[in-house]
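Model the full structure from these sequences, guided by the hints.
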Amino acid sequence: MGRVVVIGAGIVGACCALYAARAGWEVVVVDREGVAAGTSSHGEGNLLVSDKGAGPELDLMLSSRRHWLALGDELGREGLELDEKGGLVVAASEAAADVWRAFATGQREVGVLAEEVDPVDLEPRIVDGLAVGVHYPQDLQVQPVLASQTILEAATRLGAVLRSGSPVVAAQRTASSSTWRLRLGDGTAVEADRVVNAAGPWGGEVSALLGGPVPVLPRRGFVLVTEPVGPIVRHKVYSADYVDNVGSSDAGLQTSCVVEGTRGGTILIGASRERVGYDRSMDPDVVRRLAAQAVALFPVLADVRILRTYRGFRPYCPDHLPVIGPDPRCPGLVHACGHEGAGVGLAPATGAFVAAMLSADHGRAPVEVDGVATAPFAPGRFGEAVPA
Amino acid sequence: MTGADVVVVGAGPAGLACAVTAVRHGLTVDLVDAGWAVGGQYWRHPAPVEGADGAGAVTAGEVAHLHHDLPTYRALCSRLEEAVAAGRARTFLGHEVWTVGRRDGGWEVAATQRRAAGGRHAPGGGELRVAAPALVVATGAYDTSLPFRGWDLPGVMTAGGLQALLKGHAVAAGRRVAVAGSGPFLLPVAVGLAESGAEVVGVYEANPPTRWGRHLPAVARNVAKLAEGAEYAAALARHRIPLRTGRMVVEALGTDRVEAVTVARLDATGRPRPDGRTTVAVDAVGVGWGFTPVVDLAVTAGCATTRTDDGRHVVAETEGRTSVEGVYTAGETTGVGGAALALAEGERTAYSVLADRTGHDPDAARLRHLDRRIAALRSFAAAMAQAHAVPAGWVDATAAETLVCRCEEVPRAAVDHALRDREARDARQVKQLTRAGMGWCQGRVCEAGCRALVADRIGRPDRSAATERLVAMPVRMRDLLGTP
Amino acid sequence: MTALTTFRFDDRDVPYRPGQSVGAALTACDIRSWRTTPREGRPRGLFCGIGICYDCLVTVDGMPNQRACLVLAADGMRVTTQEGVGER
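Residue numbers (full-length UniProt numbering), protein chains in the order written: chain S, 1 to 388; chain C, 1 to 484; chain E, 1 to 88.
Since the hints were derived computationally from the structure, they do not count as laboratory data.
Here a beta-carbon is modelled for each residue, glycine too, at the ideal position from N, C-alpha and C.
Be a bit skeptical, because a hint or two may be false.
What the hints assert, rightly or not - Label-pair distances were calculated between CB atoms; the ranges are:
{"#": "1", "chain 1": "C", "residue 1": "Ala392", "chain 2": "S", "residue 2": "Pro124", "range": "49 to 59 Å"}
{"#": "2", "chain 1": "E", "residue 1": "Gly76", "chain 2": "C", "residue 2": "Glu82", "range": "49 to 59 Å"}
{"#": "3", "chain 1": "S", "residue 1": "His320", "chain 2": "E", "residue 2": "Gly76", "range": "39 to 49 Å"}
Stated by the list, open to error - Derived list of chain C stretches under chain E, where covered just means 3 residues or more per stretch with a C-beta under 8 Å from a C-beta of chain E:
{"#": "4", "segment": "38–49"}
{"#": "5", "segment": "170–180"}
{"#": "6", "segment": "436–448"}
Take a look at the structure:
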């Protein structure tokens, strides 16, 4: 055991810090801003099994879901605002319904609960005439900022230290050993035996700085937040085409309809995806499209007002799987980024992966963690030379 | 006319001056404002009611006595009306701009209509979208508020709220009214209330007049301001309104509405003294701590902001040009300085737009005059900001259970907890952990208090960035349908 | 003033002058609050008076969350005290 520096104090960094601290590591979390200042504060906090087809990401999510429930027991559900909200996927046409039925069949085979329902039974205010609804009672939600803070505080109680307000600007590795020296923007430095790249959408830039580039890119998204209206939307409700959009590699704008109520009474409306770098500019057309889709699904929303919209950057990876594991080119570097829109959901399992890998010999990651195969997420899958 | 040369958001002194100057020099203008009449908050006028419905309506004439420099206002209005008649300008009143975005190399302003007279939304609602190569953000300012015990009781308002009721509706907010906070704006509010028949029990100005002592050169450069002050002092005396300096309202008392206020003297360090407090019966109170510039649209457009000494964000500009090409600003958005400065800046900004759009070199003598005037008025504004700063001990007027965020009902204790026990280090983190600033007003009311509270607790100014409000006004989804 | 114009507020008629907002007319009638907050049920009314603060929200003709300081009063309008986020 020694010291590990986790770069990034978002939800993934917080979970890496907690699980590493529990494994006995001395943990330092560095963040250029502060806790959950980036993508973790710009998302809904979804913990979804429903949007993942049978495969490695769903395996990881099912594991992560167990971790989340355990964290809820250990740290208190209130501190995470952990809510067993449940998801409802709807399809308008019979053709789309059949495609989704086949998708759900594959999910059930690996243990996902997916029950065909009449959407109106679960959501009285939803539009009439939908072809099918599939209810996913295992879908959860947390409040990602509170969750990041609460999890990081738990790590702090085990000795972890947060150094916020300054970015990592340079990294050196001593030739003889795998000891790292990271220089921060404020002129200070921190030394470590291991470095975890949990920099979310900035994981690509950070990985290049550390000498082990991985292809993580920002994928911009807007979420609309309405006035508080009370419980007129009870589940996370989304249209079946959402999964196609998530899985697409198209750089252009895609929008699919995702609508959900929150504890505060506001309704969250997503989701757009486009690869435009870190362009932070407002795009009113995206807001218009998202609003139109939401009203089509819940006509009652026509007279509801949008109070704000937030715009964030998901950490996009070309094969739509996160990058978790030791970097074969850089001893001591473990990646934990590229989760795209599933970072909150996958964070605890990612933390468990990272904790298991920190102790492993270089390049010899465990084949399984918590019964989930590690190979599909390995940074080595991109080959030696990766354009970041 | 399709597609003006410039779209101006805000028809207060800055936006009006900018629009008529631009038109005079050959540009076409679209002017968008949320109010039902041009004039902004400073020259706020009653909503015009026409035809048979107008019987008994509040008229501009009956609120004229509340206004300052109306000839200038009337001249601007008539020049605007001429421009509209000539097809050189269009005005879109009663339109709330919800956002701005890039469009065809220029900027598009997106607005929705307020509920019109008759109380109903415009049939079908819909969105107004006007685009132009140049955007002028002249969105003014609103009262800065700070929390104190009982400030969420009905009947406790901002000083500007009292004034808006008078100017816009010919209604006095109460029969016995206290006016408090700091700044010269409190004086016309008190006088206006008295002229409208209310009893003003006192104007409680937190800062002693001696704070102006250091700024005599700035005062000397602005003799008109001095005359204006003397005018209000005479009016206070005429209406027997007591002006009590070095005092602040530390508590509003009452069960369902304000029934009294407690007033404390401030000590030399700006802390309310525990002794010698008085309780005064009132049925309304207006408190104002200066003004907060509305920079939302400029921030959404990507314009850089800077911070004033008191932590308020203003749009960074030079001669009205922001850091973003094609986006301009004028008036309180560049730093609060009052209507005279806003008028000068509005005109100055129009010349910058003109130079950038046409290469036309405007009247050099006029520009020199404007630049001198703007510099003098800004020096006065800077002096005023220092002479009427928030007293250092303002937090003593709050209790742990005092709501900091009125919308989300977040007490001060929650903010203290976030700072002390959860290691929040700035206002952004406080907001995320407590929800203060995440409600209906999106932090417009509580942001000043939250930032000041953070500064008080961490012992240095809050450094978090200007709050981004990509949606500048709540927008009904029905209004966005059919125009993607 | 000629014919008295009124709107309905809960169970009473409130006179107004054309051009006045609902909030101004209620204030002129010495009515100071017309909603209760979602969490603590506290009474609220006008605060900023210019459409910034959203404290004066009220239900107008069945639609909750209307700003009383901005909505112009109209004959026959039904204004009702709003509890919490209102119903729709």
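Which hint numbers doesn't this structure obey? Going through the list in order, the structure violates hints 2, 3 and respects the others.
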